[in-house]
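> Sequence:
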Amino acid sequence: MEKTKESKLIYSGRILNLIKDRVELPSGRESTREVVIHRGSVAIIPFDEKTDTIFFVKQYRYPFKKEMIEIPAGTLEEGEDPFEAANRELSEEIGFFSKDLKKLKSIASSPGFLNEVLHIFLAKNLVVKKKEKDFDENIQIIKVKRKEIKNFLLKEDIVDGKTLAAFLLWEFFDNGEKIF
Numbered sequence: 001m002e003k004t005k006e007s008k009l010i011y012s013g014r015i016l017n018l019i020k021d022r023v024e025l026p027s028g029r030e031s032t033r034e035v036v037i038h039r040g041s042v043a044i045i046p047f048d049e050k051t052d053t054i055f056f057v058k059q060y061r062y063p064f065k066k067e068m069i070e071i072p073a074g075t076l077e078e079g080e081d082p083f084e085a086a087n088r089e090l091s092e093e094i095g096f097f098s099k100d101l102k103k104l105k106s107i108a109s110s111p112g113f114l115n116e117v118l119h120i121f122l123a124k125n126l127v128v129k130k131k132e133k134d135f136d137e138n139i140q141i142i143k144v145k146r147k148e149i150k151n152f153l154l155k156e157d158i159v160d161g162k163t164l165a166a167f168l169l170w171e172f173f174d175n176g177e178k179i180f
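All residue numbers for the sequence shown refer to full-length UniProt numbering, where the first residue is 1 and numbers rise by one.
A portion of the hints provided could be inaccurate.
What the hints assert, rightly or not - In the DSSO-like style, the derived pairs of lysine-lysine whose C-alpha atoms are separated by at most 30 angstroms in a straight line are:
{"no.": "1", "residue 1": "K105", "residue 2": "K124"}
{"no.": "2", "residue 1": "K103", "residue 2": "K150"}
{"no.": "3", "residue 1": "K162", "residue 2": "K50"}
{"no.": "4", "residue 1": "K20", "residue 2": "K50"}
{"no.": "5", "residue 1": "K65", "residue 2": "K130"}
{"no.": "6", "residue 1": "K20", "residue 2": "K8"}
{"no.": "7", "residue 1": "K155", "residue 2": "K143"}
{"no.": "8", "residue 1": "K162", "residue 2": "K124"}
{"no.": "9", "residue 1": "K8", "residue 2": "K143"}
{"no.": "10", "residue 1": "K145", "residue 2": "K130"}
{"no.": "11", "residue 1": "K99", "residue 2": "K124"}
{"no.": "12", "residue 1": "K130", "residue 2": "K150"}
{"no.": "13", "residue 1": "K105", "residue 2": "K155"}
{"no.": "14", "residue 1": "K155", "residue 2": "K66"}
{"no.": "15", "residue 1": "K66", "residue 2": "K162"}
{"no.": "16", "residue 1": "K103", "residue 2": "K145"}
{"no.": "17", "residue 1": "K131", "residue 2": "K145"}
{"no.": "18", "residue 1": "K50", "residue 2": "K130"}
{"no.": "19", "residue 1": "K143", "residue 2": "K124"}
{"no.": "20", "residue 1": "K8", "residue 2": "K99"}
{"no.": "21", "residue 1": "K65", "residue 2": "K20"}
{"no.": "22", "residue 1": "K58", "residue 2": "K103"}
{"no.": "23", "residue 1": "K145", "residue 2": "K66"}
{"no.": "24", "residue 1": "K50", "residue 2": "K103"}
{"no.": "25", "residue 1": "K162", "residue 2": "K102"}
{"no.": "26", "residue 1": "K155", "residue 2": "K103"}
{"no.": "27", "residue 1": "K131", "residue 2": "K103"}
{"no.": "28", "residue 1": "K65", "residue 2": "K150"}
{"no.": "29", "residue 1": "K50", "residue 2": "K143"}
{"no.": "30", "residue 1": "K162", "residue 2": "K150"}
{"no.": "31", "residue 1": "K145", "residue 2": "K58"}
{"no.": "32", "residue 1": "K131", "residue 2": "K65"}
{"no.": "33", "residue 1": "K147", "residue 2": "K66"}
{"no.": "34", "residue 1": "K130", "residue 2": "K162"}
{"no.": "35", "residue 1": "K124", "residue 2": "K145"}
{"no.": "36", "residue 1": "K58", "residue 2": "K155"}
{"no.": "37", "residue 1": "K50", "residue 2": "K124"}
{"no.": "38", "residue 1": "K58", "residue 2": "K102"}
Please keep in mind that the hints were generated in silico from the structure rather than gathered at the bench.
Start from the sequences and build out the full structure, keeping to the hints where you can.
Following this line, the structure appears as structure tokens:
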């Protein structure tokens with residue numbers, strides 16, 4: 001187990017902090033660890049059983065300088081319950097609320113340098129509930145029929161890790177339900 005010898009806050013921002021730690025390794029040698037501290041996030045597969053449709057969002061992602069297609073997702077507010085955050089994000093991004101929100105799994109996004117825990121949900125029994133989008137989000141909603149989902153996810157431009165992980169989790173961990 002590594003032992004923290006010194007911890008220094010390098011950057012404090014709106015959604016993340018960056019720390020640089022000096023650690024002692026089990027061998028007794030010292031090394032440096034840079035860690036992004038994040039409140040956690042949610043990602044949701046919104047599935048309308050009545051129309052057999054899954055909702056995606058298309059939005060500009062600054063780090064990649066292009067639009068990307070993803071499932072609705074967002075950062076937890078300070079102290080926010082992930083179930084509440086999931087419905088908040090659904091409402092803000094696609095204008096729905098889920099009466100049947102099932103947590104599929106919580107995953108570590110990139111544990112080598114980031115402490116974010118991503119809570120992945122399946123949302124069914126959707127009802128209209130629009131909430132104002134965040135001021136800095138410009139989102140286009142994309143609807144895909146469930147029978148087309150496999151081909152849709154295999155497209156080269158679908159590269160978002162949380163989206164791909166969410167569908168694999170739904171396929172393998174949702175009571176054996178076959179989705180594609």
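> Could you run down the list of hints and mark each one as holding or not?
Do the hints match the structure? See the list:
no., hint, in the structure
1, K105 / K124, "16 angstroms, holds"
2, K103 / K150, "22 angstroms, holds"
3, K162 / K50, "25 angstroms, holds"
4, K20 / K50, "50 angstroms, violated"
5, K65 / K130, "28 angstroms, holds"
6, K20 / K8, "5 angstroms, holds"
7, K155 / K143, "15 angstroms, holds"
8, K162 / K124, "19 angstroms, holds"
9, K8 / K143, "45 angstroms, violated"
10, K145 / K130, "22 angstroms, holds"
11, K99 / K124, "7 angstroms, holds"
12, K130 / K150, "29 angstroms, holds"
13, K105 / K155, "25 angstroms, holds"
14, K155 / K66, "16 angstroms, holds"
15, K66 / K162, "17 angstroms, holds"
16, K103 / K145, "22 angstroms, holds"
17, K131 / K145, "25 angstroms, holds"
18, K50 / K130, "19 angstroms, holds"
19, K143 / K124, "15 angstroms, holds"
20, K8 / K99, "43 angstroms, violated"
21, K65 / K20, "28 angstroms, holds"
22, K58 / K103, "23 angstroms, holds"
23, K145 / K66, "25 angstroms, holds"
24, K50 / K103, "21 angstroms, holds"
25, K162 / K102, "16 angstroms, holds"
26, K155 / K103, "26 angstroms, holds"
27, K131 / K103, "22 angstroms, holds"
28, K65 / K150, "26 angstroms, holds"
29, K50 / K143, "13 angstroms, holds"
30, K162 / K150, "16 angstroms, holds"
31, K145 / K58, "16 angstroms, holds"
32, K131 / K65, "27 angstroms, holds"
33, K147 / K66, "28 angstroms, holds"
34, K130 / K162, "24 angstroms, holds"
35, K124 / K145, "14 angstroms, holds"
36, K58 / K155, "14 angstroms, holds"
37, K50 / K124, "10 angstroms, holds"
38, K58 / K102, "23 angstroms, holds"
Consistency with the previously given hints fails for numbers 4, 9, 20, ordered from lowest to highest.
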